[in-house]
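For the protein sequence lines, the chains are A and B, in the order given. Under my numbering, think of the first position of the first sequence as 1, with each following residue one higher. Under my numbering, think of the first position of the second sequence as 1, with each following residue one higher.
Each hint should be verified, as a subset may be incorrect.
As the list claims (entries may be wrong) - SDA-like, lysine to any residue: derived pairs with alpha carbons at most 25 angstroms apart: (1) B:Lys337 - A:Arg221; (2) B:Lys337 - B:Tyr310; (3) B:Lys337 - A:Asp269; (4) B:Lys406 - B:Gly419; (5) B:Lys406 - A:Arg221; (6) B:Lys266 - A:Asp228; (7) B:Lys406 - A:Gln271; (8) A:Lys243 - B:Met395; (9) B:Lys266 - B:Glu499; (10) B:Lys337 - A:Asp228; (11) B:Lys140 - B:Ser170; (12) A:Lys243 - B:Asp403; (13) B:Lys140 - B:His114; (14) B:Lys406 - A:Gly258; (15) B:Lys406 - A:Val286; (16) A:Lys168 - A:Pro329; (17) B:Lys406 - A:Thr245; (18) B:Lys266 - A:Met318; (19) B:Lys266 - A:Thr245; (20) A:Lys243 - B:Ala399; (21) A:Lys243 - B:Tyr310; (22) B:Lys213 - B:Thr53.
Hint data in this document are derived by calculation from the structure and do not stem from the laboratory.
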Amino acid sequence: MRLLYEENIEDIALGAAVLGTGGGGDPYVGKLMAREAVRQYGPVELYTLDELDDDDLIVPSAGMGAPIVIVEKLPAGDDMIRAFQALGKYSGRTPRGTMSIEAGGLNSIMPIYVAARLRIPMVDCDGMGRAFPEIQMTIFTAYGITASPFAMSDERGNVLLMDTVSNKWVETFARSCVVHMGAEGMIALYSATVKQLKEAAIYGTITLAEEIGQTVREARRNEANPVDAVRAAVGGFLIFRGKITDVDRRIEGGWNRGDATMAGTGEFDGQVLSLDFQNEHLAVRVNGEFAATVPDLIAVLDGETGEPITTEALRYGMRVAVIAFPCAPQWREPEALKLAHPRYFGYDVDYIPVEERYRGL
Amino acid sequence: MRIGIDVGGTNTDAVLMDGTSVVSSTKTPTTANVSEGIARALRDVIEDSGIDTAAIDGVMIGTTHFTNAVVERKHLTPTACIRLGLPATVCLPPMVDWPLDLRDIVGGNAHLAHGGHEFDGREISAFEPDEVRDIAEKIKAAGLNAIAISSVFSPVNSIFEEQSAEIVRSVIPGANITLSSEIGRIGLLERENAAIMNSCLRQLAARTVDGFKAALDELQITSPFYISQNDGTLMNAEFAKEYPVLTFASGPTNSMRGAAFLSGLKDAIVVDVGGTTTDIGVLQHGFPRVAALAVEIGGVRTNFRMPDTYSIGLGGGSLISPPSHTSPLSRGESTLKVGPRSVGYELTEKALVFGGDVLTATDVIVAGGSQDIGDAGAVADLDRDLVAAVQARIMEMIAIAVDRMKTSATPVPVIVVGGGSILVTGAVEGASEIIKPDHFPVANAIGAAIAQVGGECDRIFSLAELSRDEALDQAKQEASDRAVNAGAAAESVDIVDVEEVPLAYLPGNATRIMVKAVGDLVEAG
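Generate coordinates for the entire structure from the input sequences, incorporating the hints supplied.
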């Protein structure tokens, strides 16, 4: 167990933006919530799974809705607590702690708020090792952990509880209910015992995010190359350095889809990269050949500062570096891969792990 | 005739313009008492041109005074904040992310009340007049008169902010109240921050604007005067006293607007070369392209429509570090550095051509023969290869920065302004042409002189009830109405910018529409 203080949160937020792979929402509001809660209630205890009892119940907390709404209708805070507690009540068990459902963006950091306020452990693991747009897209789904019972609360005090036949049904119902809550709902879902999590969860998420943030901060201070620092911290590969020459966006089925084209610079001179995104980055092709796809992680960083760039912020002329790094190994098991296979997102290709594509480089 | 004045940190510039031609211009040092510097600049251009002050139709002033007050934590009035949105927003109260020293000065007197709206216009909770009255009594008891009022999604519906203001006024007659919906866009904390800073600055604004008026009176200038806003439009003196926060970052905007005017171009890249930095911005329809990200003022996050500029450490005073010859492998340009260190305002003492001993970008340009500044003999012995390499490096730095700001690969015209414009000696890759207009050193004052009046709308529309065209029409009408209210002649109002952002992670069709309208100032008399 170690303690998370205000200083740690800044680093975690930056790392979370890298692991958000272009989506997941701006961690700013989550960072402030976590920081204020730690200021008020004291540091949060961060546990590894091994430090907890196998029977302990852990309930992940998250927010759902439109990222642009959360910057205006700031969360009540009580809504997160209410969803968390409602789930415990419905399950008939008091949760021992909370955790992040995803490693990237806003949701990786918001559970720190719950942990601080309820003075319960935060567990250093998550259910994706990255960010994905839909509720059922977790490793947990593949390991038979159910998103139900599912609780969603708004600031008014409404609580919706769902018990569904599949995790995909939670996504379907919750997505339309959240609109009635003003496109912002706080949720608790995927409750699991430590024993289940030891098998299914992705370990060390918060620590990884923090290390990425720390590395970038130190690289900037030492005038070292922050892009290389991020790449090393995540064990990834430099796919490309170049300039964005075109960005094409469209809305498909409520998703923010599009692609960006980049022209290589330096060692990548003469090469062309295309990057596809659906809220998060899905695939990159260099000179028409796939270089990395989901479920591996693809991050676009500012070429100079190493600052992660979200898909909304991609713009012509930006000098960027694209790095890709391996997803959590659990994603590569057949059951999990079905949920996040390139084919699920409409690419008729096999999934080849990024490190196999880049072996020997 | 109009007079444009730009009060910067170092210089106060003024221009006298007759229609579209510059009659006279001046650069004077900025004074601690801003009005004195303005009076001197006014006197300079009037005496230089010999015109009758009765012929002056308007004086337009751009100033960084209010930005500096926040940055330097000076002259700020303690201000309370009332936010309407309960039960939402509780975990992040007003001023939550302010630097502590500034929060202490402002007082940290924050209150939450019921009200607020959803993105689609529904109420979050019912407005409770008694609750606001109780808060107003507390603020009164604390001895505060300055108050900012914010409400969740007030850009969609501002009714609760207005109702609250009425109640506060009934409790605290003559209260200095800023509504967040009047000055900001979506992003509650950022908009609220701006509203609080606005109320903080109003006393200073009243004094400053009165000082401007006194300076004009002294010179018997009876025409109305205006203050420039960060979006390149004007507000009249009374409005400026009410909304000083809208002057933040008006400097770069004026410089870009001046460049547009001087060159006659509406779509171009503007390169403003100063002593230490070069700012690159983009003109779209004659106005600066606006930054997409949050901008901090004195450590406080705001979401003003600030010009999207990219700065590089290149200016007339940039230090040149020649390539080192210690390693046989490091040859030529690879180790040559131009900037970011600079002699800055000491250029006229430290540069070689001015008798100093520091090799600056200006020295290299003089050595290259394209400019005759100071003592060219002092740089006659500079290595020719070095001169060529530095010039090439400067143009490369500008080309990369220009390219970064472009929206497509199509070549665009580049307008070069600012005192350091001499650094631009050749073609810029990706530029269709390079324009160095006359009067380039005072482009900012010209930008102030030619400014128009504008209005904005930034709202989320649900396309379930409205067609997209209807929503766009509504937004345009709202922006136009605001421009007219701000003093634009109705027949001259034009829509200059429309931006639509569909909301992600949501089924259904909600879209955020931002529209900007501008028009010519209604002529006095």
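Query raised in the report: Hint numbers the structure violates, sorted upward?
Result: 5, 6
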